[in-house]
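Number of protein chains: 2
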Amino acid sequence: MPQPDDRQPGAVFTTRTPRVVAARRLQRRRDRDETGRFLAEGPQAVREALAAGAVVELFFTADGLARHGDLVRRAGTGTGSRASAVDDDALAALAETVQPQGLVAVCAQRDVPLADALRKAPRLVAVCADIRDPGNAGTVLRTADAAGATAVVFAGDSVDPYNGKAVRASAGSLFHVDVVRARDAAAAVAALRAAGLRILAADGYGETDLFEVPDLGAPTAWLFGSEAHGLPGALKAQADARVRVPILGGAESLNLAAAAAVCLYASAKALKESM
Amino acid sequence: MPQPDDRQPGAVFTTRTPRVVAARRLQRRRDRDETGRFLAEGPQAVREALAAGAVVELFFTADGLARHGDLVRRAGTGTGSRASAVDDDALAALAETVQPQGLVAVCAQRDVPLADALRKAPRLVAVCADIRDPGNAGTVLRTADAAGATAVVFAGDSVDPYNGKAVRASAGSLFHVDVVRARDAAAAVAALRAAGLRILAADGYGETDLFEVPDLGAPTAWLFGSEAHGLPGALKAQADARVRVPILGGAESLNLAAAAAVCLYASAKALKESM
Numbered sequence: 012m013p014q015p016d017d018r019q020p021g022a023v024f025t026t027r028t029p030r031v032v033a034a035r036r037l038q039r040r041r042d043r044d045e046t047g048r049f050l051a052e053g054p055q056a057v058r059e060a061l062a063a064g065a066v067v068e069l070f071f072t073a074d075g076l077a078r079h080g081d082l083v084r085r086a087g088t089g090t091g092s093r094a095s096a097v098d099d100d101a102l103a104a105l106a107e108t109v110q111p112q113g114l115v116a117v118c119a120q121r122d123v124p125l126a127d128a129l130r131k132a133p134r135l136v137a138v139c140a141d142i143r144d145p146g147n148a149g150t151v152l153r154t155a156d157a158a159g160a161t162a163v164v165f166a167g168d169s170v171d172p173y174n175g176k177a178v179r180a181s182a183g184s185l186f187h188v189d190v191v192r193a194r195d196a197a198a199a200v201a202a203l204r205a206a207g208l209r210i211l212a213a214d215g216y217g218e219t220d221l222f223e224v225p226d227l228g229a230p231t232a233w234l235f236g237s238e239a240h241g242l243p244g245a246l247k248a249q250a251d252a253r254v255r256v257p258i259l260g261g262a263e264s265l266n267l268a269a270a271a272a273v274c275l276y277a278s279a280k281a282l283k284e285s286m
Numbered sequence: 012m013p014q015p016d017d018r019q020p021g022a023v024f025t026t027r028t029p030r031v032v033a034a035r036r037l038q039r040r041r042d043r044d045e046t047g048r049f050l051a052e053g054p055q056a057v058r059e060a061l062a063a064g065a066v067v068e069l070f071f072t073a074d075g076l077a078r079h080g081d082l083v084r085r086a087g088t089g090t091g092s093r094a095s096a097v098d099d100d101a102l103a104a105l106a107e108t109v110q111p112q113g114l115v116a117v118c119a120q121r122d123v124p125l126a127d128a129l130r131k132a133p134r135l136v137a138v139c140a141d142i143r144d145p146g147n148a149g150t151v152l153r154t155a156d157a158a159g160a161t162a163v164v165f166a167g168d169s170v171d172p173y174n175g176k177a178v179r180a181s182a183g184s185l186f187h188v189d190v191v192r193a194r195d196a197a198a199a200v201a202a203l204r205a206a207g208l209r210i211l212a213a214d215g216y217g218e219t220d221l222f223e224v225p226d227l228g229a230p231t232a233w234l235f236g237s238e239a240h241g242l243p244g245a246l247k248a249q250a251d252a253r254v255r256v257p258i259l260g261g262a263e264s265l266n267l268a269a270a271a272a273v274c275l276y277a278s279a280k281a282l283k284e285s286m
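Chains as they are written, first to last, in this note's numbering: chain U, 12 to 286; chain D, 12 to 286.
Misleading hints may appear alongside valid ones.
Same chains, same names: a pair is fine if it fits in one copy or spans any two.
To be verified - 16 Å max Cα-Cα, derived EDC-like pairs, lysine to aspartate or glutamate: (1) K247 / E218; (2) K280 / E223; (3) K280 / D74; (4) K176 / E107; (5) K131 / E45; (6) K283 / D220; (7) K283 / D122; (8) K131 / D42; (9) K247 / D98; (10) K247 / D195; (11) K283 / D226; (12) K176 / D100.
Honestly, the hints are just simulated from the structure, not real lab data.
Construct the complete structure from the given sequences, taking the supplied hints into account.
Structure representation (structure tokens):
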């Protein structure tokens, strides 16, 4: 049986429609890397993606149209984007959660070169080095955005920030900040310093107590390391200071996302006060 | 075939040994509630559980004994605890992760009545109201412990803090702080206030900016609400202030664990400075 495709206006796509098949492959990193695209699901992510001009194609069900007709219309009338009706099975195949509310968008990846992000003279940057957990990657994106960071650098062997779980955990922040991928973490840190940013390494064993860092209101890049191993020694050595969040009770450490929240908000408070 | 049990010293238990079967049922909330016991896996959790006197029985494999003989010996010689050898299949059945390093312990739940926790005159308390995600529950426990909170109250219809995922996310902190379960959240808040604690409700739409809360060094109980719905209106109204973590970028909000980290550490810093 022939499948509807984009030569049939008004068709409802199924799991076997070529464009749905191709979109579904974006659940795999290899296909995301090859195409420079990724999937974002649910109305919040789709709204942010549309605002950022990142949507290539929005797949919607009848239910999605009924509930979020404004988003479907914006995708359908936007320059460079289109909206395509799909059946419930096709949407379920494209979505990784059970509640995408009838919407899944194919988006263009948004990486910018570090030099472009630095041209905006950021006052707060988060650098994730070798972080492996996509939920943590997305949470750090969301927290960095909330704290006023304008760029997040995924350095070294970090997880793909366009992984579905990372996209969901970022709660739209992936579309707000400059996302930079830098394979060479040391070179990225050198560029951040050359741009006038102080480099602070978050390190549970650091010599400097977060509560005692002088001049936190200076433009700062925070380095965060992997969940299991922390920051590589060479990166820690490259930093201007290794800063520990003080542990006041019996816990051995904080998890990555909590430590990042405390560090980034310590800078945010000082930056706000210095303005 | 008869199975080894505790009448056969030196036996290696299997998945069909009655005590292993009973322990495995603790993966279900109903059985945890009925027995007042729960499971903790891996060397870090087992070490903390032993230090807290919470271990009832430590199941270990030959590999677990080789790697963590000190823990096995402490469990085997402790008052009220014992150590039991199991085969690899039995350990795999008891564990929820792939890397428990040959150790799973049956522990006694550690709830204390709120009155007992308050008798210690805590200066920082975290209250989780209606939080549903076990990973968040465990992360808040860990962060609260790190920030110097001495009690964490699970109020209203909150997730079971002895859920395996919560135990793992707490990274041992479940064994450090006073864990309180309070079905009636309003009564718990009233008791906290009567004990001299100021009540601050974390609320994304709160009238008070976290950066502008006066006298954060006063003894404080922080209230955190559910991931999806925030705090119930009645609890917010009961608080002395509704405090928002300021959002400086494009994010709509912080996730629960990040907001809790920022709020608890704001208090921790002020408490430390006031000492």
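Here is what the structure says about each hint:
1. For a Cα distance limit of 16 Å, the shortest separation of K247 from E218 inside one copy, 11 Å, qualifies, whereas the shortest one across copies, 40 Å, does not.
2. In this assembly of identical chains, the alpha carbons of K280 and E223 lie at most 16 Å apart whether taken from the same copy (14 Å) or from different copies (10 Å).
3. Within a single copy, K280 and D74 get their C-alpha atoms no closer than 43 Å, and across copies no closer than 49 Å, so neither meets the 16 Å cut-off.
4. Only within a single protomer do K176 and E107 lie at most 16 Å apart by alpha-carbon distance; the minimum there is 8 Å, versus 21 Å between protomers.
5. Taking the shortest Cα distances, K131 and E45 never come within 16 Å of each other, neither inside one copy (29 Å) nor across copies (59 Å).
6. Taking identical chains as interchangeable, the C-alpha atoms of K283 and D220 lie at most 16 Å apart only when they sit on different chains, with a minimum of 12 Å there against 21 Å within one chain.
7. In this assembly of identical chains, K283 and D122 lie within 16 Å of each other by CA distance neither inside one copy nor across copies; the values are 27 Å within and 41 Å between.
8. Taking identical chains as interchangeable, the C-alpha atoms of K131 and D42 are never at most 16 Å apart, the minima being 31 Å within one chain and 57 Å between chains.
9. Neither within a single protomer nor between protomers do K247 and D98 lie at most 16 Å apart by alpha-carbon distance, with minima of 51 Å and 43 Å respectively.
10. Taking identical chains as interchangeable, the C-alpha atoms of K247 and D195 lie at most 16 Å apart only when both belong to the same chain, with a minimum of 14 Å there against 47 Å between chains.
11. Only within a single protomer do K283 and D226 lie at most 16 Å apart by alpha-carbon distance; the minimum there is 12 Å, versus 19 Å between protomers.
12. Taking the shortest Cα distances, K176 and D100 never come within 16 Å of each other, neither inside one copy (21 Å) nor across copies (31 Å).
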